[in-house]
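**Student:** The lines below spell out each chain.
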Amino acid sequence: MTRVNGNFSIIGKPTAMVDAAEKTTGAGKYTDDFSVPGMLVGKILHSPYPHARIKRIDTSRAEKLEGVVAVAIGEDAPNPYGILPVGHDEHALALDKVRYVGDNVACVVAVSEAIAEKALELIDVEYEVLPAYFDPEESMKAETDLIHENKPHNLEKDYHHAFGDPEKGFAEADHIAEARFVSNEVTHAAMEPHSTLASFELDPHTGELGRLTVWSSTQVPYYLQHKLSLVLEMPMQQIRVIKPLVGGGFGGKSEVIPLEIIAAIAARTAKAPVKITYTREEVFWAHRGRPRTIIDLKTGVTNDGRITAVKARVVQDGGAYCSYGVVTILYSGALLGALYDIPNIQYDGYRVLTNKPACGAMRGHGTVNVRFAFESQLDELAAKIGIDSAELRQRNLLQPPCITVNGLRVQSYGLPECIEKTVERSGWKQRKGKLPKGRGLGIACSHYVSGAANSIIRSDMPHSTVNIKIDRDGGVVVYTGASEIGQGSDTMTAQIAAETLGCSLSRVRVIAADTDLTPIDIGSYSSRVTFMAGNATLRAADEVKKRIAAAAGKKMGCAAEDLIFRNDRVFSKNSTGSLSADALADKSVRPTQAEASVSGRVEGQILRGSLQQKRKEEGPKESMTFEEAVVAAIDFHGALTGTGSYAPPQDARGGKHKGAGVGPSPAYSYSAQVAEVSVDEDTGEVTVHKVWAAHDCGRALNPVSVEGQIIGSVWMGMGQALTEEMVWKDGMLMNPGLLEYRSPSSVESPAVEPIIVESVDPEGPFGAKECSEGSLAATIPAIANAIYDAVGVRLHECPFTPERVLAALRAKKNAKALNLTEGVDPTAPVSFREHGGALWFKGKGPERHAMDPARREAPAAGGAD
Amino acid sequence: MSLPQFRLLRPRTLGEALDFLGKYSGHESAHTLPAQTSRGPDGRGRPSPHEHSRGRLSPQVPIQVIAGGTDLIPSMRQKLFEPEYVLDLRGIDEMRGIRPAADGGVAIGALTTLRAIETSAFLQQHYPVLTEAAATVASPVLRNMGTIGGNICLDTRCLWYNQSLTWRKGCGFCIKKDGDLCHVAPGGTKCWATFSGDTPPALLCLNAEIEIAGPSGARRIALHEFYTGLGDNYRKLQPNELVTRVFLPAALADYRGVYRKLRVRGSIDYPLAGVAVVVKRSNEHIDDARVGITAVNPAPVLVKGVREMVAGKALDETLAEAVGDLAAKTAKPLTTSALTPEYRREMIRVFTKRAVLAANN
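Quick mapping for you: the protein sequence lines, in order, are chains A and B.
Going by the working numbering, 394 is the number at position 393 of the first sequence; the sequence numbering is gapless.
Going by the working numbering, 295 is the number at position 50 of the second sequence; the sequence numbering is gapless.
Hints are supplied without guarantee of correctness; some may be wrong.
[What the hints assert, rightly or not] With a cut-off of at most 20 Å between alpha-carbon atoms, the simulated SDA-like pairs for lysine to any residue come out as follows:
#1 A:299 <-> A:795
#2 A:730 <-> B:425
#3 B:435 <-> B:425
#4 A:817 <-> B:574
#5 A:730 <-> B:432
#6 A:730 <-> B:584
#7 A:730 <-> B:433
#8 A:817 <-> B:571
#9 A:817 <-> B:567
#10 A:30 <-> A:246
#11 A:691 <-> B:510
#12 A:730 <-> B:402
#13 A:813 <-> B:587
#14 B:525 <-> B:599
#15 A:430 <-> A:388
#16 B:268 <-> B:253
#17 B:577 <-> A:684
#18 A:555 <-> A:626
#19 B:574 <-> A:818
#20 B:435 <-> B:473
#21 B:577 <-> B:550
#22 A:691 <-> B:511
#23 A:817 <-> B:563
#24 A:272 <-> A:66
#25 B:574 <-> A:684
#26 A:438 <-> A:816
#27 A:272 <-> A:113
#28 A:817 <-> B:584
#29 A:817 <-> B:587
#30 A:547 <-> A:475
#31 A:730 <-> B:431
#32 A:817 <-> B:570
#33 A:657 <-> A:460
#34 A:730 <-> B:587
#35 A:299 <-> A:798
#36 A:814 <-> B:587
#37 B:577 <-> A:818
#38 A:730 <-> B:409
Bear in mind the hints are in silico, worked out from the structure with no lab data behind them.
Take these sequences, add in the hints, and give me the full structure.
**Tutor:** What follows is the structure, given as structure tokens:
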């Protein structure tokens, strides 16, 4: 590995996360751990129908239940919102329509969860059931009963891009592969379910509501502040959002989730603090995961393995609301580029609305499913033209620095090395094709943005700002809006500040993601934090460092530019004493007893005066401790603070075509992976034995954290490849829990060998790029390609469940087909709403019990109880 | 999802437990009780609001038995059970333990944990099929809690049943709970919820008997008589009765045994199909063999005709395959869980063949 050995004391060293102790001991506080005096519990009533008009809501019976304080409904906060400016189509609580099973109808505020749950059963809602759409391709044909009136054919958005000359490209190709790939719906399954606590200040005299404080498990506290302001019609300055520890996000908390708004509405209605924590089922309904994606892909190559053109038609089953949908469908097309050199690209993307929970951003946002299709097809073509599949990829590399045909600027590019390393470590050349029957190797590559170059709300505002203040005793406090969600954002911030200031990590305290205290940062999504908030931290620390250097230089009688800050000391680079050699050596230099006491405490008093006295007497020194330098700087400048911000450069912000804003990034990460699998040919079960995963993260600021991210990405990708799938029956999610959703357990987790590749990006902080998303997408096709190598079947639909693999194996052998759809009874209706369901669906059928919605004769269902 | 309110009863002896059951299991006696579980914020106490809203309440047993709790607690959160009383058996030491009998058989207390069974040297030596099956149940943490009695009495499972109250409202409920339709066998009036215990097929292979204690004393029945084959009313156990012990006969000790389980993940999951096989060999041929299957019917089932098919023959691929076909014919999987019924039945065939071959070697 080309670890460019910059001479660092903190960067590049395996570093424990700054919040590791509180998390591992259980002392750390997540949102659900918080409570405030007088806090009540909120519970949400969800729609039992996939698509219905709300004709009437009667909450009176629920309100009468003792222990119930308030019931909030849609009319209490009718303003629509959405994460994208073009997608303000959500109401925290439904106004007129519900659009999926699980949509939010009302919220009960009560003194306990049990009472709130009871009260939910007492809310009478009269629905007019509407025909619902579950399949995106069917939904696109809809003429009536649209999911949103302003979206004809239930089409959220479609894009049609052509770069280069695709027709000509295909004409030049010697081989063309064309196939349909399907990638089923998956969700984040973060450990921590969403939770929000909302509390208004109450004027003790008038009872009027004042400022609002919200604690929430969010990746985007500033967007939350903005949307709360929109829905509650309060100025942003009246709203304080605090992000406590977050137990994983993966994109599922990267936009405003209904409970965050509902908690605030409920707190306003109840005039009391309200906390809502989702059940796991509600997390599945809130969703915002990766949409089921249908990809019709066509790729052309020449005999010598050059890709001449790619054409992709992508249909995404986006669910009932826009969410990040427009961005997802654009990423799917835009990131066909920037991995390989593809001269001609045609892309037709359709984001379709259906009556299911909204899909949104999920680790590898928009790229993963298309990457699965593309890398699988590339493998097919390699077999067709008889070129080794690793070699084929090496023949299509970009030549950076360059701008791709679709306007993406690529500077650092570690892909060649990633391929080289994985091929070498996995023994690809010696072992590929030579493993025993049923065992195989597969390779695939992927990439991802290091932060979107354009923010959701387009403006020239910096994407990240960081403030630093240093106190007289050398304590460094960094204020950043960046959201630590378990990915190591706070540790990264502390590391960059400490490295730049040359102080030890333990001096640095990070205050993060509190809208009252920290400067704005647009959030933890699109893998932007290290690159953008990291650069802002670097700039803020540099600014402070300059001020310290100016003062220290005076004291030391040398130019500020000649000073080196390192290991809690400041010294001149011209000094030759043993001290500087000592300090440069990578061991922490502790202040001597004498030095410590001079600035230390005596009987609780900080003896600044005597310290200064001493310094004056001594005259110029060869070096100073960090503390001494800080004191000098504060004496010289007054307060010691610095600020830095980051906005992506103009030339990295992409082309001019419609939709060009999504895809551009100041830098791209690269990944190559080899997977080794075996397939049981009688059962179709796939076992992943090992994955070699190389990832170009620019520079590994914290190698142990980078390795963790690579392993986590591979593991999550493996889940999507083999087991995870949201199963639907007519809008009912059949597996809304971790038992039936089946993320891989530790038993199935293969050995993962993470390989760090450092291409040192010219614009990243210390050369760093992203490391947490780019690797995921390669895992799925790497496994698919390995299955092909093992047993010769090409799988076009993921996850590769044993039944799908077995069906493919049987088809190949011409054995008796395995009916995968319904089995046993061929006359069984395809949808449950067609038998029992359909009977109540259409308002007829056998006698139903009272809670069966079909039995609710409209006027009789009143609250006369 | 909150746990419904209930009153916990903690007997110290079996007799005390049976007294509690006798007292609280009948509807009449339950209503005359002074103890109101609900601290009634509505001031109205019972009946619960659900009784108003859910028109046709499935007969609610006012008392539920808890041992390990791994089956009951999640179901209570989903409001599948809302008992007034929960009888906690864990304090009854006499119901725990593996006791080899003088004649060579063994008696296992119903409260014995699956972990204890999995690691028992005696059982590993003489009844390997049982320890192998016990070792596949859920995950190590759950096996520390879950008991053999609980695994035998395990509630049948279905994707349309093991869901929250809110979810079940969305599908209009089903026969097993609060409804009158079956979503997996449309038009049918039978419940097809699947029995998903891992140890019962092994116990069936071993000719196990169970002891049931009730108000009129204890009785002993063959395990296969315990299950009804219906998804909803799946076991023959009165609300005032308890399964107290499992007996394995000496005659089947030292049979070779193998358990094979189909599941998506290597841990945690319930079986999607399970096959237990015991084989007795003499010289080069098979003397006796039995095959039990689980997770593909509303009850664990002993496959009929296996012994007749293989007794006196030397086992080879073809014969093992024939046994597999026989087992697959017995399996009647429906869409009650993940993976398609056809696939699961096919796996009964494959797993039976493999298990028979493995047990023979």
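**Student:** Now tell me if each hint is right for this structure.
**Tutor:** For each hint, the structure was consulted:
1. A:299 <-> A:795: holds (16 Å)
2. A:730 <-> B:425: holds (19 Å)
3. B:435 <-> B:425: holds (10 Å)
4. A:817 <-> B:574: The given pair, whose Cα atoms are some 17 Å apart, holds under the 20 Å limit.
5. A:730 <-> B:432: It holds: about 17 Å lies between the C-alpha atoms, which stays within 20 Å.
6. A:730 <-> B:584: holds (14 Å)
7. A:730 <-> B:433: holds (19 Å)
8. A:817 <-> B:571: It holds: about 18 Å lies between the C-alpha atoms, which stays within 20 Å.
9. A:817 <-> B:567: Distance ~17 Å between residue 817 (chain A) and residue 567 (chain B) Cα, so the pair holds.
10. A:30 <-> A:246: At roughly 6 Å apart (the allowed maximum being 20 Å), residue 246 (chain A) and residue 30 (chain A) satisfy the hint.
11. A:691 <-> B:510: holds (17 Å)
12. A:730 <-> B:402: holds (18 Å)
13. A:813 <-> B:587: holds (18 Å)
14. B:525 <-> B:599: Holds. Residue 525 (chain B) to residue 599 (chain B) sits at ~16 Å (cutoff 20 Å).
15. A:430 <-> A:388: It holds: about 12 Å lies between the C-alpha atoms, which stays within 20 Å.
16. B:268 <-> B:253: Cα-Cα ~14 Å, so holds.
17. B:577 <-> A:684: It holds: about 18 Å lies between the C-alpha atoms, which stays within 20 Å.
18. A:555 <-> A:626: This hinted pair holds, its Cα atoms lying about 15 Å apart.
19. B:574 <-> A:818: holds (18 Å)
20. B:435 <-> B:473: This hinted pair holds, its Cα atoms lying about 12 Å apart.
21. B:577 <-> B:550: holds (17 Å)
22. A:691 <-> B:511: Given that 20 Å is the threshold and the Cα spacing comes to 16 Å, the pair holds.
23. A:817 <-> B:563: holds (18 Å)
24. A:272 <-> A:66: holds (18 Å)
25. B:574 <-> A:684: Holds. Residue 574 (chain B) to residue 684 (chain A) sits at ~18 Å (cutoff 20 Å).
26. A:438 <-> A:816: It holds: about 19 Å lies between the C-alpha atoms, which stays within 20 Å.
27. A:272 <-> A:113: This hinted pair holds, its Cα atoms lying about 16 Å apart.
28. A:817 <-> B:584: Within the cut-off at roughly 18 Å; holds.
29. A:817 <-> B:587: The hint holds at about 12 Å.
30. A:547 <-> A:475: holds (15 Å)
31. A:730 <-> B:431: Status holds; Cα separation ~14 Å.
32. A:817 <-> B:570: holds (15 Å)
33. A:657 <-> A:460: holds (16 Å)
34. A:730 <-> B:587: holds (18 Å)
35. A:299 <-> A:798: Since the Cα atoms of residue 299 (chain A) and residue 798 (chain A) sit roughly 16 Å apart, the hinted pair holds (cutoff 20 Å).
36. A:814 <-> B:587: holds (18 Å)
37. B:577 <-> A:818: Holds, at about 19 Å.
38. A:730 <-> B:409: Holds, at about 16 Å.
Violated hints for the displayed structure: none, as all numbered hints are satisfied.
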